[in-house]
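*Asks:* Each chain, letter by letter, is given below.
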Amino acid sequence: MVGIPLSALENLMKEKGAERVADDARVELKKILENYLYDLSLKASKIASHSGRKTINSGDLLIAKK
Amino acid sequence: MRPEGFEPPSVGLEPTILPDYTIAPILIYNFISFLKYLFLCFLKITNLFKSFKIKVYMAKRENLLPFSPIGALIATNTGKRVAKEARETATKLLEELTEAIVKKAILISEHSGRKTIKAKDINLAFQQIKEDF
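If you read the sequences in order, they're chains D and S. If you count the first sequence from 1, position 48 lands on 47 in numbering that gives the first Met the number 0, and the numbers rise without skipping. If you count the second sequence from 1, position 84 lands on 83 in numbering that gives the first Met the number 0, and the numbers rise without skipping.
Check each hint, because a few of them may be wrong.
What the hints assert, rightly or not - According to the in silico footprint, chain D covers these stretches of chain S (three or more CB under 8 Å from chain D): (1) 80-86; (2) 114-123.
To be verified - Calculated pairs, DMTMM-like style, for lysine to aspartate or glutamate (alpha carbon to alpha carbon, straight line, at most 25 Å): (3) S:K102 <-> S:E61; (4) S:K91 <-> D:E18; (5) S:K129 <-> D:D23; (6) D:K42 <-> S:E109; (7) D:K53 <-> D:E33; (8) D:K29 <-> S:E130; (9) D:K65 <-> S:E98; (10) D:K64 <-> S:E109; (11) S:K79 <-> D:E18; (12) S:K117 <-> S:E98; (13) S:K79 <-> D:E14; (14) D:K29 <-> S:D131; (15) D:K45 <-> S:E61; (16) S:K83 <-> D:E18; (17) D:K15 <-> D:E33; (18) D:K42 <-> S:E98; (19) S:K119 <-> S:E84; (20) S:K91 <-> S:E61.
Hints were generated in silico from the structure; no laboratory data involved. Because the structure is a prediction, the values reported are computed rather than measured. The beta carbon of each residue, even a glycine, is placed where N, CA and C say it ideally should be.
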């Protein structure tokens, strides 16, 4: 199973202030985060190929977010 | 030419006899190490080690999400190589997004009289925050 682990998401949500977390909530959050990452990475890969690189740098992601 | 009285060092399995002045420091060294051992035993018995206990402070983790699955997701989506710093920034961005979603979802769930956060709370929270990210 490829993806962000659910237990890590639950720990993160509890650190941010959530008291109790339902099982469906973390699955929903995982879906949202992966969709967000998919759009972000596609933009970043276009920026990287535009500047003639084969690897994605941290700057590409920061520009893609803006 | 060799100087007189010089003998080459013995090589191989030839038996050698050490002179007396070489044995004395070895005996002294052994005696000192034995004293050290006795002293350490004394310390252990009297439980003085408690005062010499070394405290090790572990570095606190900044990220709660793991790097490698996020880097693997980017690599499988785009088919490109991912730099080490890129996946660290990606986790940072995702944690910022989750912080914004969860803070909104807590307000929504408390308003509707619940303590647990459900899937619909997160879905509604994301729809309202989506434009900022």
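*Asks:* Would you mind marking each hint as holding or not holding in the structure?
*Replies:* Taking the hints in turn, this is what the structure says about them:
no. : hint             : verdict
1   : 80-86            : holds (count 5)
2   : 114-123          : holds (count 8)
3   : S:K102 <-> S:E61 : holds, 19 Å
4   : S:K91 <-> D:E18  : holds, 23 Å
5   : S:K129 <-> D:D23 : holds, 20 Å
6   : D:K42 <-> S:E109 : violated, 36 Å
7   : D:K53 <-> D:E33  : holds, 22 Å
8   : D:K29 <-> S:E130 : holds, 19 Å
9   : D:K65 <-> S:E98  : holds, 18 Å
10  : D:K64 <-> S:E109 : violated, 31 Å
11  : S:K79 <-> D:E18  : violated, 39 Å
12  : S:K117 <-> S:E98 : holds, 16 Å
13  : S:K79 <-> D:E14  : violated, 33 Å
14  : D:K29 <-> S:D131 : holds, 19 Å
15  : D:K45 <-> S:E61  : violated, 29 Å
16  : S:K83 <-> D:E18  : violated, 33 Å
17  : D:K15 <-> D:E33  : holds, 19 Å
18  : D:K42 <-> S:E98  : holds, 23 Å
19  : S:K119 <-> S:E84 : violated, 34 Å
20  : S:K91 <-> S:E61  : holds, 9 Å
Hints 6, 10, 11, 13, 15, 16 and 19, counting from the list given before, are not met by this structure.
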